[in-house]
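Going down the list, the sequences are from chains W and F.
At position 53 of the first sequence the residue is numbered 52 (numbering that gives the first Met the number 0), and the sequence of numbers has no breaks.
At position 350 of the second sequence the residue is numbered 349 (numbering that gives the first Met the number 0), and the sequence of numbers has no breaks.
Hint data in this document are derived by calculation from the structure and do not stem from the laboratory.
Backbone N, C-alpha and C fix where the C-beta goes; we use that ideal spot for every residue, glycine too.
Be aware that a few hints might be false.
Below, in silico cross-link-like pairs of lysine-lysine (DSSO-like), each with a Cα-Cα straight-line distance of 30 Å or less [what the hints assert, rightly or not]:
{"#": "1", "chain 1": "W", "residue 1": "LYS9", "chain 2": "F", "residue 2": "LYS35"}
{"#": "2", "chain 1": "F", "residue 1": "LYS287", "chain 2": "F", "residue 2": "LYS13"}
{"#": "3", "chain 1": "F", "residue 1": "LYS302", "chain 2": "F", "residue 2": "LYS287"}
{"#": "4", "chain 1": "F", "residue 1": "LYS302", "chain 2": "W", "residue 2": "LYS65"}
{"#": "5", "chain 1": "F", "residue 1": "LYS13", "chain 2": "F", "residue 2": "LYS354"}
{"#": "6", "chain 1": "F", "residue 1": "LYS435", "chain 2": "F", "residue 2": "LYS35"}
Example chain F residues on the side facing chain W (calculated, C-beta under 8 Å, incomplete) [said to hold, decoys possible]:
{"#": "7", "residue": "GLY195"}
{"#": "8", "residue": "TYR309"}
{"#": "9", "residue": "LEU401"}
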Amino acid sequence: MAVSRQDVEKAALLGRLLVSPDELEHLTAQVAEILAYVEQLGEVDTTSVEPMAHAVELVNVFREDKVAPSLPREAALANAPHHNEQGFLVPAVLGE
Amino acid sequence: MALVDLSATEQRAKLNAREVTAVELAQAYLARIAAKDGEIGAFLRVTGEAALAQAAEVDRKRAAGEPLGLLAGLPVAVKDVLCQQGELTTCASRMLEHFRSPYDSTVVAKLKAADAVLIGRTNMDEFAMGGSTENSAFQPTRNPHDLTRSPGGSSGGAAACVAAKMAPLSIGTDTGGSIRQPAGLCGCVGLKPTYGRVSRYGLVAFASSLDQVGPLASTVEDTALLMEAIAGHDPRDSTSLPVESPKFSQTVNQPLKDLRIGIVPEHFAAGLDPEMEAAVRGAIEVYKSLGAKIVEVDLPHGKYGVAAYYVIAPCEASSNLSRYDGIHYGHRASEPAVEAELAAERAEALARGDKAAAEAVESTLVRLYRRSRTEGFGAEVKRRIMIGAYALSAGYYDAYYLKALKVRRLIRQDFDRAFSQVDLILSPVTAAPAFKLGKLVDDPLQMYLVDLYTVTANLAGIPAISLPCGMSKSGLPLGFQLLAPPLEEERLLRGARMCEEKRKS
């Protein structure tokens with residue numbers, strides 16, 4: 000699968016990144032080289048092999064549904080770039 | 000012999016015998032750091048004052064006859080990816096340059112409970128992505144054996160500080176080899192535990208199904224000691240294994256009997272540096288001389304490890320790193336600058352008479368995310384986020400991610416089969432000794448291929464240890480790796496200790 004500049008721009012949008020026009024060519028070449036390398040996985044016969052998403056296949060680890068102390072609001076907001084002591088502040092997301 | 004030349008185990012004996020105080024030991028290391036770290040750059044921050052206060056507290060407890068933890072008075076360096084309450088945790092990224100952890104990671108909490116003295120935070124590749132520590136946003140780290148060479152990575156600072164005797168014990172993380180590879184290139188010992196053996200709570204996530212915290216030290220005995228302090232089930236990490244963790248320091252000196260060691264012929268094929276090959280074969284001879292039986296085993300899917308890894312790890316990274324949005328914490332771009340940028344784009348589109356394009360300019364919020372992340376992340380992190388986003392996007396998911404997960408299972412099954420015949424597998428840890436700084440920095444694929452020998456242990460979730468087996472003619476450390484079945488760290492440490500002991504004699 001050849002990787003185009005448009006593919007890289009789309010991946011940048013999905014990854015919430017910006018790629019400047021002067022970076023785009025170099026980056027497209029690098030991404031294409033890496034993806035060409037990983038395409039060797041296609042050689043492997045994986046018919047009826049279950050995907051292994053995790054090294055430890057534990058499922059449904061439950062704990063008692065009990066209230067426990069959590070991070071105080073002040074501490075949770077302490078690293079926020081922009082807050083009003085009650086919540087995180089974001090640019091307006093709804094139009095007028 | 001200077002204090003810093005002793006192993007942690009020897010220092011511990013001296014502390015217990017009251018021949019030396021924890022404050023004296025901390026002072027010795029702080030002096031060593033002051034003398035050496037200017038040229039090496041292993042530490043991002045040295046917490047000297049806090050360390051001396053912790054050391055004084057240990058001395059007070061000891062004088063008062065109060066109970067002391069396993070690591071009482073021993074300095075430990077922590078990779079800057081594990082949260083430590085009130086301290087910066089930067090992951091060597093501009094994104095988290097000013098981030099102060101509001102809580103302790105479980106590993107840091109365990110170190111504190113063990114009365115360790117936390118002396119500083121070590122350098123790394125940004126968000127642990129890389130194998131040279133050159134992807135740190137703040138500084139490169141140099142290999143103590145040759146300052147023109149890389150210490151490896153991503154736990155390059157963690158390995159370099161042990162190799163340069165600036166800390167006796169050090170905590171690293173290993174997602175695709177990030178403990179074992181730098182340990183190998185710096186000539187120290189590094190253990191990647193079984194996935195789930197050490198809690199990941201408070202570890203800044205890179206690839207959650209692969210990340211594991213582990214110890215680095217100058218001897219296998221010291222590695223066992225640190226491993227004992229940090230291992231164990233943690234209810235706050237749902238992937239932590241609910242099993243009892245052995246007292247590794249008490250068994251590490253017991254040699255294994257009737258040891259069967261597997262080797263994989265392909266591991267010694269073209270591409271392996273001749274001096275490295277000779278040293279690894281030397282380690283095999285050591286085991287033979289100790290009575291071990293050497294058995295050839297087959298890991299037919301091992302050669303696909305790097306390919307599977309460089310799909311799975313970036314996919315998980317792109318998902319994990321989506322949390323850095325410039326809103327909750329971390330770097331945020333200037334909102335007026337973003338507004339101005341968008342206004343200019345709209346005006347430019349209108350000036351060309353393209354009304355649709357003007358309306359299609361994205362919202363302030365989306366551009367704030369994108370600008371904040373673009374300013375906050377370095378090149379390798381961005382590359383991996385994009386590869387992950389691409390591989391997970393509609394139409395490609397089955398071909399990349401799902402395929403890689405299936406190959407991952409085959410890699411694990413290879414190991415399961417091999418371990419039905421042998422107790423441990425012995426392999427190189429890197430194909431060559433430490434490489435020159437700058438050599439691989441803009442060649443991501445070649446950089447990824449350095450992980451050839453290490454990634455399969457992460458994909459399979461099994462424990463592995465790297466340890467020294469000689470020096471090259473030019474004075475660079477050579478190392479090898481042992482791998483064991485899940486939860487067999489005790490076997491791994493005892494097996495590694497046999498070789499270390501024999502090579503010393």
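For each hint, the structure was consulted:
At most 30 Å may separate the alpha-carbon atoms for a hinted pair to count; LYS9/W and LYS35/F exceed this at roughly 46 Å. With a C-alpha separation of about 35 Å, the suggested pairing of LYS287/F with LYS13/F is violated against the 30 Å cut-off. Under the criterion of a C-alpha separation no larger than 30 Å, the hint pairing LYS302/F with LYS287/F is consistent with the structure, at around 27 Å. For a cut-off of 30 Å, the pair hint linking LYS302/F to LYS65/W is broken: about 47 Å separates their Cα positions.
Restraint check for LYS13/F and LYS354/F: the C-alpha separation of about 78 Å exceeds 30 Å, so the hint is violated. Note on LYS435/F and LYS35/F: the hinted pairing holds, with a Cα-Cα distance of about 20 Å set against a maximum of 30 Å. At a threshold of 8 Å, the smallest CB-CB gap from GLY195/F to chain W is about 4 Å, leaving the interface hint in force. A cut of 8 Å between beta carbons decides the hint on TYR309/F: the least distance to chain W is about 6 Å, and the hint holds.
Taken as an interface hint, LEU401/F checks out: its beta carbon lies about 6 Å from the nearest beta carbon of chain W, inside 8 Å.
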